[in-house]
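Chains as they are written, first to last, in the numbering used here: chain F, 1 to 498; chain X, 1001 to 1308; chain Z, 2001 to 2264.
Please keep in mind that the hints were generated in silico from the structure rather than gathered at the bench. Careful: at least some of the hints might be erroneous.
In the SDA-like style, the derived pairs of lysine to any residue whose C-alpha atoms are separated by at most 20 Å in a straight line are [to be verified]:
{"id": "1", "chain 1": "F", "residue 1": "Lys83", "chain 2": "F", "residue 2": "Ser24"}
{"id": "2", "chain 1": "F", "residue 1": "Lys454", "chain 2": "Z", "residue 2": "Gly2263"}
{"id": "3", "chain 1": "F", "residue 1": "Lys344", "chain 2": "X", "residue 2": "Ala1029"}
{"id": "4", "chain 1": "F", "residue 1": "Lys380", "chain 2": "X", "residue 2": "Glu1264"}
Label pairs and their in silico Cβ distance ranges [unchecked claim]:
{"id": "5", "chain 1": "Z", "residue 1": "Ser2245", "chain 2": "F", "residue 2": "Arg38", "range": "20 to 28 Å"}
{"id": "6", "chain 1": "X", "residue 1": "Val1240", "chain 2": "F", "residue 2": "Ala362", "range": "43 to 51 Å"}
{"id": "7", "chain 1": "F", "residue 1": "Pro244", "chain 2": "Z", "residue 2": "Gly2121", "range": "26 to 34 Å"}
{"id": "8", "chain 1": "X", "residue 1": "Leu1153", "chain 2": "Z", "residue 2": "Ser2243", "range": "30 to 38 Å"}
Note that the Cβ used here is the ideal one computed from N, Cα and C, for glycine as well.
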Amino acid sequence: MTKDKREVARRPETAAIPTDWEYSPAPESRELVHLQDRYGLFIGGQFVEPLSNERYTTIDPAREEPLAEIAQAGKADVDHAVKAARDAYAERWSVIRPSERAKYLFRIARILQERSREFAVLESMNGGKPIRESRDVDLPLAAAHFFYYAGWADKLEYAFPNRTPRPLGVAGQIIPWNFPLLMLAWKIAPALAAGNTVVLKPAETTPLSALLFCDVIRQAELPPGVVNIVTGDGRTGAELVSHPDVNKIAFTGSTEVGKAIQKTLAGTGKRLTLELGGKAANIIFDDAPLDQAVEGIVNGIYFNQGHVCCAGSRLLVEESIYETVVSKLKRRMRTLRVGDPLDKNTDVGAINSKQQLDKIGALVQAGIDEGAEIYQPPCKLPERGYWFAPTVFTNVAQSYRIAQEEIFGPVLSVLTFRTPDEAIEKANNTPYGLSAGVWTEKGSRILAMAQRLKAGVVWANTYNRFDPASPFGGYKESGFGREGGRHGLEPYVALDGA
Amino acid sequence: MLPGGFELPLEPRLPRLGSVDAVALEERAASLATRSIKRDSKLFALDLAIRVMDLTTLEGADTAGKVAALASKGIHPDPSDPNIPSVAAICVYPNQVSVAVARTKGTNVKVASVATAFPSGQSSLEVKLLETREVIEAGAHEVDMVMSRGAFLSGRYAEVYDEIVRVKEVCAGRAHLKVILETGELGTYDNVRRASLLAIAGGADFIKTSTGKLPSSATLPVQLCMLEVIRDVHEETGRVVGMKAAGGIRQSKQAVQYLVQVHETLGLAWLTPDRYRLGASTLLNDVLMQIRKERTGRYQNPDYFTVD
Amino acid sequence: MSRLPVHKTYKLFIGGAFPRSESGRTYEAEGANVARGSRKDVRDAVRNARQAGAAWSGMTAYNRGQVLYRVAEMMEAREAELAALCGGVDEVASGIDRVVWYAGWADKLAQVIGSANPVAGPYFNFTVPEPTGVTGILVPEPPLLGLVSRLAPVIVGGNTAVVVASEAHPLVAIELAECLATADVPPGVVNIITGLRRELGPALASHMDVLALDLTGADGDVAELERLGAENVKRIVRGRADSQSPYDIAAFLELKTVWHPIGM
Chain F
1 MTKDKREVAR
11 RPETAAIPTD
21 WEYSPAPESR
31 ELVHLQDRYG
41 LFIGGQFVEP
51 LSNERYTTID
61 PAREEPLAEI
71 AQAGKADVDH
81 AVKAARDAYA
91 ERWSVIRPSE
101 RAKYLFRIAR
111 ILQERSREFA
121 VLESMNGGKP
131 IRESRDVDLP
141 LAAAHFFYYA
151 GWADKLEYAF
161 PNRTPRPLGV
171 AGQIIPWNFP
181 LLMLAWKIAP
191 ALAAGNTVVL
201 KPAETTPLSA
211 LLFCDVIRQA
221 ELPPGVVNIV
231 TGDGRTGAEL
241 VSHPDVNKIA
251 FTGSTEVGKA
261 IQKTLAGTGK
271 RLTLELGGKA
281 ANIIFDDAPL
291 DQAVEGIVNG
301 IYFNQGHVCC
311 AGSRLLVEES
321 IYETVVSKLK
331 RRMRTLRVGD
341 PLDKNTDVGA
351 INSKQQLDKI
361 GALVQAGIDE
371 GAEIYQPPCK
381 LPERGYWFAP
391 TVFTNVAQSY
401 RIAQEEIFGP
411 VLSVLTFRTP
421 DEAIEKANNT
431 PYGLSAGVWT
441 EKGSRILAMA
451 QRLKAGVVWA
461 NTYNRFDPAS
471 PFGGYKESGF
481 GREGGRHGLE
491 PYVALDGA
Chain X
1001 MLPGGFELPL
1011 EPRLPRLGSV
1021 DAVALEERAA
1031 SLATRSIKRD
1041 SKLFALDLAI
1051 RVMDLTTLEG
1061 ADTAGKVAAL
1071 ASKGIHPDPS
1081 DPNIPSVAAI
1091 CVYPNQVSVA
1101 VARTKGTNVK
1111 VASVATAFPS
1121 GQSSLEVKLL
1131 ETREVIEAGA
1141 HEVDMVMSRG
1151 AFLSGRYAEV
1161 YDEIVRVKEV
1171 CAGRAHLKVI
1181 LETGELGTYD
1191 NVRRASLLAI
1201 AGGADFIKTS
1211 TGKLPSSATL
1221 PVQLCMLEVI
1231 RDVHEETGRV
1241 VGMKAAGGIR
1251 QSKQAVQYLV
1261 QVHETLGLAW
1271 LTPDRYRLGA
1281 STLLNDVLMQ
1291 IRKERTGRYQ
1301 NPDYFTVD
Chain Z
2001 MSRLPVHKTY
2011 KLFIGGAFPR
2021 SESGRTYEAE
2031 GANVARGSRK
2041 DVRDAVRNAR
2051 QAGAAWSGMT
2061 AYNRGQVLYR
2071 VAEMMEAREA
2081 ELAALCGGVD
2091 EVASGIDRVV
2101 WYAGWADKLA
2111 QVIGSANPVA
2121 GPYFNFTVPE
2131 PTGVTGILVP
2141 EPPLLGLVSR
2151 LAPVIVGGNT
2161 AVVVASEAHP
2171 LVAIELAECL
2181 ATADVPPGVV
2191 NIITGLRREL
2201 GPALASHMDV
2211 LALDLTGADG
2221 DVAELERLGA
2231 ENVKRIVRGR
2241 ADSQSPYDIA
2251 AFLELKTVWH
2261 PIGM
């Protein structure tokens, strides 16, 4: 072929640009879940009717549709459960070899792995969180938590130098609605590994995964009464806290209720751990890898709709990069997909309850009233259900309510700082102390910040990472006691005497 | 963040440009890869995958016959289905450009040629410029050059930059220039980001991941890293730079993941062959099989699709 | 009518597969022809163990723990076959429980063996355990319990192993290999060679790419094996056939201490 010396034609007119690329609905199937119409209380290895004869309805917050009738456990029911737990402790749990206890917990872990998809769908249906999160975060972590603590059950003598740890007896455990199954795992796994039996009350609005967990207990052939589930609202929790035959209370929830519990237990000698609220500072320095830092901000506050005690709800940006970060953040917020929790492409799901939705709305209004500037990306929110668009406030002063109070919703407040000292001062200027985030390329600064931040968990160049091996818990009014890791055993054992 | 000033000399500044956190980058890429693209949205993506494809043959054994067959396939990927669009371009070695040009004449399918001592780039600048001139004179619409990794990894950034500027001079007005970074040789995402900025500064119209000649080629995190550079450049200067992912993309599912990433990082404006390309060869038939599966509901058999 | 059973052929376990000895030799044990492993088989096994090392030690500790737990699952499923080839169901039950016990250590070692060290200066200083590398194991009696008791602590920490089975009772080791092969243990992490101690011991002890040696089951000239091992400063361990301890794991771990300044 001869070489053509012709002029190459100029590139023709530009190719057409698509006007839209809508992702077709990609719903995970609800059929995996078999719901009963009504549930009793799980006491002594079986479901029983509540002696209180009281019931309430639990709903799907994305559709405002009822899912099942739930028992409201009263004083007599709680008493029944504690007796079953005490009985099981004395007769069936503390008397078996620790290596056998370990094997029960391993079984539970494996069964959760096998039934992972079913649980994930149920968790999203009852709680509102996106299936992608329940599938990829909640369930794997819950199974892993049981697996981790299973391994400790017959190794307790290695966890505490010069001590032979003994179990406490019966533990009363009260968990919140933001990570229902995961919080159940965080409570039950270490308690059982240490040799205790439990009475657990799931949150009022999210009882279903705990009730389905009773079927895992059945499949694992856990001895009856080792785990008891009593459903109900705050009244049930109060009965559990004040029951004289409970040796230890573990509570995760609001700081307000935590303080009430601490007051109730004063003088009783009962052991207590609290995991309460937070108002974490997420601190971005000018040398941070910016796109990844923005991902971290987004993950810190919009993951699980911001229903996270350790959420990075205050963004502290070094003033020199403020414009760039806010611009990138807003751009990124516009790609967040809010909608049906069961759609695999949803990033932000439903708010858990009307009550929480109202609370968020009130605080957001307070922010506007106090003079902060609000931004919300355009979202098509479904007609029914409880929804709140991802929100960011700029021009926020440290004293505004939105910078001080825990909102527990997808609302971020942005503040600036000029020097590391100023960042530390602002970050620590709160009665809370659960978590904090630091974004910088400089290793020594990560460590220096970590050293000075008064927070139980410091995430550097990452956020919202959890692992059963990693102790989690707060400073100050965010609570005391740790969950996860070797330290997570401590709340469930007696260490007096060598 | 793009710092002020790309002036030479670049050496003192370049190492401090743009750090990338590898763990977070890979997590974001993995998260985007879980998008579930079904039914109509999947058909849209598959159709788009063909329209942005650079159908490629870069073998020592390439002949006029092979290139002719490739061109034919690129123009009519599925002769039994007229709704299937043509690919964006076919990509060949310099010696095959004239065949490719002849076979695509009268169609919208462009001819891209590799140049500058592809794939290694280990030749003199003179040789590289001569080769570039030759392929343009033979009719190539697009030039895919290789960045000098040897010079880059030795820190001779000015040399890398200068080469790109000189090749672009040859191309300007006649062909668009893609700069292949060969990300698999660069070692870190930091280097990928720096090389991307360097190539863009030198005049690249497109930045491209790989030659496809190494076992490690395009990956989702690497593309994400490069897309973020393109986004920063566009935000700061308004300049439009295209992205080409090449090497190792063999399955439709991967192609869709690459497109989703572009969609959610750069938006709809980049979902066009003027700003995005997928360099591939076996991918095309897999996309055709997937399209037919979406339309008929049946999983397909490769025997029913022509091999070119 | 009686039925003629199909007898199993017992081969070596190398790189996740069951090859015959490259030497083609066998010896008779427990009524079967058992592969008589050679120096070259040891060489192949070590090569496989080395190649598998990066992926195995690179897995999360949680993952390794799960793999070991699955080994226990497979052993439980084959309780009868294993029992028939060793001391009986009690030995098998102990072996399974021992594997479960070690599985639970994977994601806790760093917390018990590692530390954050309060040095006198503005430095963050921490110590983490890391696997040593390819480990050779001479298995003590009893043939199953001794094997898992010495193998589990080696691999749970991230090492890979070349195991010389019991010479008199080798079959249960290959039966165990079938459990390993079906338990998602990556190929090459565990390699099992049957044959004569006097041939295989020195081959393993003198191999320069074997970095640790468990001589718990060594009979005969232990001193000679230790001398051979000194050539590349192997970590030599003599444990007990029926014990379990995190210190048995630590014996095959290196300790790495890292410093980093703390400052703005």
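To see whether the hints hold, each was checked on the structure:
| no. | hint | verdict |
| --- | --- | --- |
| 1 | Lys83/F / Ser24/F | 52 Å, violated |
| 2 | Lys454/F / Gly2263/Z | 17 Å, holds |
| 3 | Lys344/F / Ala1029/X | 16 Å, holds |
| 4 | Lys380/F / Glu1264/X | 17 Å, holds |
| 5 | Ser2245/Z / Arg38/F: 20 to 28 Å | 51 Å, violated |
| 6 | Val1240/X / Ala362/F: 43 to 51 Å | 45 Å, holds |
| 7 | Pro244/F / Gly2121/Z: 26 to 34 Å | 52 Å, violated |
| 8 | Leu1153/X / Ser2243/Z: 30 to 38 Å | 52 Å, violated |
In summary, the numbered hints that this structure violates are 1, 5, 7 and 8.
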